[in-house]
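Each protein sequence line maps, in turn, to chains A and B. If you count by the numbering used here, then the first sequence holds residues 9 to 539, one letter each, in order. If you count by the numbering used here, then the second sequence holds residues 63 to 219, one letter each, in order.
Source of the hints: derived by calculation from the structure; they are not laboratory data. There's no promise every hint is true.
As the list claims (entries may be wrong) - Think about it this way: if two alpha-carbon atoms lie no more than 27 Å apart in a straight line, the pair counts; the simulated DSS-like pairs of lysine-lysine are: (1) B:Lys191 <-> A:Lys159; (2) A:Lys163 <-> A:Lys229; (3) A:Lys116 <-> A:Lys383; (4) A:Lys317 <-> A:Lys116; (5) A:Lys163 <-> B:Lys191; (6) A:Lys317 <-> B:Lys191; (7) A:Lys180 <-> A:Lys163; (8) A:Lys229 <-> A:Lys180; (9) A:Lys180 <-> A:Lys319.
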Amino acid sequence: MRDTYDVVIIGAGHNGLTLGSYLARAGLEVLVLERRHEEGGGLCTEEVTLPGFLHNIHANYHTFVDLAPPVTDLDVRGHGVEYVRPDVQMASIYPDGTALTIHSDLDKTQASIARFSERDADTFGRLHSEAHGYIDLLLGTLMYQPPMSVKELTKALAAFGVEDRSEFLSVKLRRETINQFLDQHFENDKVKAHLAFHGAVCAYTNDVAGLAIGYPLLIGKIDNWHLCVGGSHRLAHALWRDLAQNGGTLVTCAEVDRILVDGGRAVGVRLGDGTEIAARRAVASTVSVEQTFLEFLDSSATSEEFAHKVKTDVVHKDWTLFSVHLALSELPEYDAAEFDPDVNRAWVVNLGHDSLESLNADWATIRAGGLPEPKPNAAVNSLYDPTDAPDGCATGLLRQFAPFALADGGEGAWERAGRWYGQHCLDAWRRYAPNLSDDKVLDWAVDTPLDITRKLVNMPHGDWMMGEVSLANMLDTRPLPELGQYRTPVEGLYMAGSTQHPHGYITFGPAYNALQVMADDLGVEKWWREI
Amino acid sequence: MPDIYSDSWYEAVRDTINARVATLPERDVPRGSWHAVVEIVGDGASPYVDAESVRRFLVRIDDGHCAWYREIDTANPDGVDLDYRFVGPATAFDEIAAGTRDPIDAALDGTVRVRGDMRFLMRQAALVKTLLEAYTHGVQTEWPQGQPPYNGSGGDA
């Protein structure tokens, strides 16, 4: 590590590495600093149960493969990433033993939905076709560009008459919940529950007003879920490799203590051990807003008003994820396979939510700090990636929507509640897959909401999206209007992580969009801008 | 009437576009220059572009007006910093030129793919709509090899 670089990037998650790679390929001297012992951030794969069982601790679903420009620009496949797109992408198993499956083949998905409602199957087909048609346009407009305002967007939608041309897109969606959208277009409770569940897994809570505006986009990629063979961390390796091959430097175990400011301009960083590193042209932060502005910067670097806004106006998700990682000696066999054999090959299975009311009730419980009766979703990566477990065995991942702070004891209560709640989640899975008896579960470990924040300190409140997903915290107002275009009140300091538009998840979007702004400001040639 | 895709047809389209842009309020006409490539991909149905071949037209816009156009034989012309690329099957472009297919629908349903700064296009909705309207309805076109939808015989449908 030298003492001076062109750009210093704080955080080596997929956004930090992506930004670093693009800039390094543009010829800049880039340093990426990571507090943890390894790169990747949420791209974290560990043997938390038994040796040979590879568990994705955080990011498991890669839904923007071949939609996000960096996947091709940075040649992640050429750097060793292999993606699998499961043919049975997702399922819901309902308490009455019926099941619905989402396939990579639209006809099969429609056939599954038709068992519940032929009308809904037709509607889904039209919605999917319409959304699939404009997903390219929407992604280019909304995801992989620095954001427009909601006002500009709705004005443009009106000017182009999109509402008259689309069965599903409408300006009024900006005021509606996903529940309302589903109630308007679908009739069957179980179908609606599955589609709402899909939104929730993407952090689009079905009862939050305004999120209907993004829902058609989610449907456009409902069958684009990919698994990273060998674990999600492989993607982090690939991004690091690209960075290194293009002259960039990654340093791990390098905790930033201060962003250095001189004359109102970010000029470098100081590490916890006192090492100072100068940044000739820019510093980019991919960690939380709170860390960046309240911990890394002296209070004199920004106005009191801005610092106050960071403390009071940065909003985090009001629910998070409780996870159970399992080492299994065999694959789950669901009773519901009698209804639909494909559930045994479904990568991700929603266990139990059979109506919008079921989901709504759990959100209410969670927002009050309570633990709902578990209705987890179960992912079995080994179905499509046998390399993630020893021969004949499988990994399992149960995810349960949960609060960060429990009403009884706050977030610290997870210390005593984690194992107990994990057992309840496992019991819930067994009700649908009774073959998973004690002797088939070789080991299991929990990852509580508190663990999320402890391991990934850039995710306060267990907030895996690094900011609430709501209309008020979307586009150019995410995470604050002052930061919405990736610039900050400190000249030369940029925000490029999941706190920014579009949001968390493995989208590459925050880094890609910050890159456009930084390139404009720094006069960097946009080698990636292939029109 | 000029033949579709002929020099005289493009000149008529250009003149029509510029005449209409001249009627727009100044606030709806952005200053600056842009280059766009239109890629018309032969699909085996259109008699105007051979199957599996591509005809490419480079267009320059200055201050909202069409300054010039030229047919090019490469996807990335030397010395030109492209701002936009529009790609689609020949039949779709023929139908747009004939006024039988809405170009916005064609973009929305993914038939015509758009590459470039979408925010700018969204913000310039008035200009974009004027350009498209002139392209689709502004020029009466002769269809010597048949107008879409084609009847398979190469004659007028």
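Here is what the structure says about each hint:
1. B:Lys191 <-> A:Lys159: The given pair, whose Cα atoms are some 19 Å apart, holds under the 27 Å limit.
2. A:Lys163 <-> A:Lys229: Holds: Lys163 of chain A and Lys229 of chain A sit about 25 Å apart, inside 27 Å.
3. A:Lys116 <-> A:Lys383: Distance of about 25 Å is within 27 Å: holds.
4. A:Lys317 <-> A:Lys116: violated (49 Å)
5. A:Lys163 <-> B:Lys191: Since the Cα atoms of Lys163 of chain A and Lys191 of chain B sit roughly 14 Å apart, the hinted pair holds (cutoff 27 Å).
6. A:Lys317 <-> B:Lys191: Violated: Lys317 of chain A and Lys191 of chain B sit about 41 Å apart, past 27 Å.
7. A:Lys180 <-> A:Lys163: holds (12 Å)
8. A:Lys229 <-> A:Lys180: holds (22 Å)
9. A:Lys180 <-> A:Lys319: Outside the cut-off at roughly 32 Å; violated.
Comparing the model with each numbered hint stated earlier shows that hints 4, 6 and 9 do not hold.
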